[in-house]
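J.: Protein chains in written order, with the numbering used here: chain A, 2 to 318; chain B, 2 to 318.
Just to be clear, a hint being listed does not mean it is correct.
One copy or any two copies: either way a pair holds, since identical chains are not told apart in the list.
Capping the alpha-carbon separation at 27 Å, the derived lysine-lysine pairs in DSSO-like fashion look like this [unchecked claim]:
#1 Lys207 / Lys265
#2 Lys171 / Lys265
#3 Lys207 / Lys317
#4 Lys317 / Lys171
#5 Lys207 / Lys37
#6 Lys34 / Lys277
#7 Lys77 / Lys265
Calculated directly from the structure, the hints in this document are not laboratory data.
Number of protein chains: 2
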Amino acid sequence: MAVSDNERSRLDDAARAGWLYYIAGNTQDEIAKKLKVSRATAQRLVSLCLSERLITFRLEHPIAACMELAARLTEKYGLRFCEVVPTDAAAPTAVAGVAERAAALLEATLRAEKPAIIAIGTGRTMRAAVEQIAPMDCPNHQVVSLVGNISPDGSASFYDTLARLADLTKARHYPMPLPVFLASDAERQQVMKIAPVSRVRALAEKADLRLVGIGQFDLNAQVFLDGFISREELLEMLRMGAVGEVTAWAMDADGHVLPGGTNKRLTSVPLPIPAKALTVGAAVGPSKVVPIRAALKGRVINGLITDEATAQALLKG
Amino acid sequence: MAVSDNERSRLDDAARAGWLYYIAGNTQDEIAKKLKVSRATAQRLVSLCLSERLITFRLEHPIAACMELAARLTEKYGLRFCEVVPTDAAAPTAVAGVAERAAALLEATLRAEKPAIIAIGTGRTMRAAVEQIAPMDCPNHQVVSLVGNISPDGSASFYDTLARLADLTKARHYPMPLPVFLASDAERQQVMKIAPVSRVRALAEKADLRLVGIGQFDLNAQVFLDGFISREELLEMLRMGAVGEVTAWAMDADGHVLPGGTNKRLTSVPLPIPAKALTVGAAVGPSKVVPIRAALKGRVINGLITDEATAQALLKG
DNA sequence: CCGTATGTTGAACGATTGCTCGCCGGCCGA
DNA sequence: TCGGCCGGCGAGCAATCGTTCAACATACGG
Numbered sequence: 002m003a004v005s006d007n008e009r010s011r012l013d014d015a016a017r018a019g020w021l022y023y024i025a026g027n028t029q030d031e032i033a034k035k036l037k038v039s040r041a042t043a044q045r046l047v048s049l050c051l052s053e054r055l056i057t058f059r060l061e062h063p064i065a066a067c068m069e070l071a072a073r074l075t076e077k078y079g080l081r082f083c084e085v086v087p088t089d090a091a092a093p094t095a096v097a098g099v100a101e102r103a104a105a106l107l108e109a110t111l112r113a114e115k116p117a118i119i120a121i122g123t124g125r126t127m128r129a130a131v132e133q134i135a136p137m138d139c140p141n142h143q144v145v146s147l148v149g150n151i152s153p154d155g156s157a158s159f160y161d162t163l164a165r166l167a168d169l170t171k172a173r174h175y176p177m178p179l180p181v182f183l184a185s186d187a188e189r190q191q192v193m194k195i196a197p198v199s200r201v202r203a204l205a206e207k208a209d210l211r212l213v214g215i216g217q218f219d220l221n222a223q224v225f226l227d228g229f230i231s232r233e234e235l236l237e238m239l240r241m242g243a244v245g246e247v248t249a250w251a252m253d254a255d256g257h258v259l260p261g262g263t264n265k266r267l268t269s270v271p272l273p274i275p276a277k278a279l280t281v282g283a284a285v286g287p288s289k290v291v292p293i294r295a296a297l298k299g300r301v302i303n304g305l306i307t308d309e310a311t312a313q314a315l316l317k318g
Numbered sequence: 002m003a004v005s006d007n008e009r010s011r012l013d014d015a016a017r018a019g020w021l022y023y024i025a026g027n028t029q030d031e032i033a034k035k036l037k038v039s040r041a042t043a044q045r046l047v048s049l050c051l052s053e054r055l056i057t058f059r060l061e062h063p064i065a066a067c068m069e070l071a072a073r074l075t076e077k078y079g080l081r082f083c084e085v086v087p088t089d090a091a092a093p094t095a096v097a098g099v100a101e102r103a104a105a106l107l108e109a110t111l112r113a114e115k116p117a118i119i120a121i122g123t124g125r126t127m128r129a130a131v132e133q134i135a136p137m138d139c140p141n142h143q144v145v146s147l148v149g150n151i152s153p154d155g156s157a158s159f160y161d162t163l164a165r166l167a168d169l170t171k172a173r174h175y176p177m178p179l180p181v182f183l184a185s186d187a188e189r190q191q192v193m194k195i196a197p198v199s200r201v202r203a204l205a206e207k208a209d210l211r212l213v214g215i216g217q218f219d220l221n222a223q224v225f226l227d228g229f230i231s232r233e234e235l236l237e238m239l240r241m242g243a244v245g246e247v248t249a250w251a252m253d254a255d256g257h258v259l260p261g262g263t264n265k266r267l268t269s270v271p272l273p274i275p276a277k278a279l280t281v282g283a284a285v286g287p288s289k290v291v292p293i294r295a296a297l298k299g300r301v302i303n304g305l306i307t308d309e310a311t312a313q314a315l316l317k318g
């Protein structure tokens, strides 16, 4: 209790420091005086406030060039939602920008009165997006996972996006209590029948918003790097034309979900084609251009969050 | 048109700069390189982004609301000190929160090198504040009472805030060795002259910090409930406009200390109007709103410790 | 065409900030 | 109980930032 009290008051102070710094525009020296701590501590508090995401930045101004790109993408692919953020030339694959927009989308949905069901995928971008969410109280909303949360070694300990999201928002959450891949189609058929799984799938299918990452499907495919599928399987999928994946469903260049290979033992919630509910993909970087284009062509997604450079590349194709 | 284009693109650049700075975490040097401008210009763009409110900060922490309220109260009433603590919805008149802050203020003052004189009032809040003080060794400081410490029945045995404070801090202490009320103005005049009393008053007038409770003045007035004044006197004071009290000095709604009635036989140290030394009032609860507002209006206090709900009510008036 | 008024720019410098390092006090295991 | 470990703290320093200033560009009126 004493620990959590300490913890509490430290975060309180961090929030105070952050408020004084970013909102009231005090210098760290002034903050130090006001909170009666050394300047070094004031600095630590401000930085704690940042790292604990007590404070978040939101850019309100639509940048013309980005708007333009978003409009053209919307037009070209008949999107229901599209946001383009500036590219950071020095770090063209940095997810901070799209993560921030994805977080904004999540927050907007969660802040709505009407109880919403939000389905979410996995990956670096989703993780970063959830990290950006400001703590809030949304017990009326439900968040559900589109992808199994158990890794090949049987642990559920790798970073759990859904749990973190639920933690921050107090929304009811429904993880998919399965390995991402099972051993065979037969095993999958069986498992799909068990109540907790079918319940999660049913919920996911009613989702008002699906937010997913988009992965490349090549020698750097995340499912391969993480050891979910073997090299042989990867190569077979590539032979079958796989270029990208959404919630681990491998797709070819036209966005058709491949009927065989590892897709046969994948437990992710199926992708309605064309996407019915608002389904937003978020990804940046040269290596994501082909997969994103595939997902767009195949109507796997009907919303997109990306950056300027990627948007430009998508429009060139 | 050229102007508005310029304007537009400048704001665009500002937004970009702000994005790169706050969201992507670039330094201004990096931004300067990316936008191909000098660092000075990059700085100007970031600062423009701020001043044009292209970017906003959102602090999602209960403390944020408190800070905001404190800032507004400080502004509205020209305060030198203001703290707002979260309201405990389950116990809107609980003094724990403000007591803790009041204790922190006392401790901060006592911890200072420079010998300080602290004058203190009475009441539930003061008592709770003193209870929160951590024992410390401050023989160089002096604490003095603003209110007599003898109750109507002649005993000095009721809870003695000052003695407890002195006990915890080892500070030299100067109680006011008088009944709170004497029988008449004449008697008061006489008693004021005796050395111990005038010494305490002289000391109190030099106090670096005055910390006082703020009381309502109605049928639940503490001075009435404790039997210091009669029902008839209370009613007379109410007819004269009394709404609240600070160190038992009855004030009207504008914070003017009433010239007659029970104030004529009150022994409390007079309230300099407007308050000169840092004079902090501490109070919480719906019934305290009117008295606090009076004290603020009348410049009886120039510092305040209260809670969110009370602060909100004060700002509405 | 010139001179002035206005505004923008980058260099420079002082202020502010972030970070590293050594120190201290509390906590845990021996 | 004692030593070692760990986390937090402040001193000090290097990086970063904010502002001033003089120079330069541009617009505009004479």
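J.: Run the structure past the numbered hints and jot down the numbers of the failing ones, going up.
T.: 2, 3, 4 and 7
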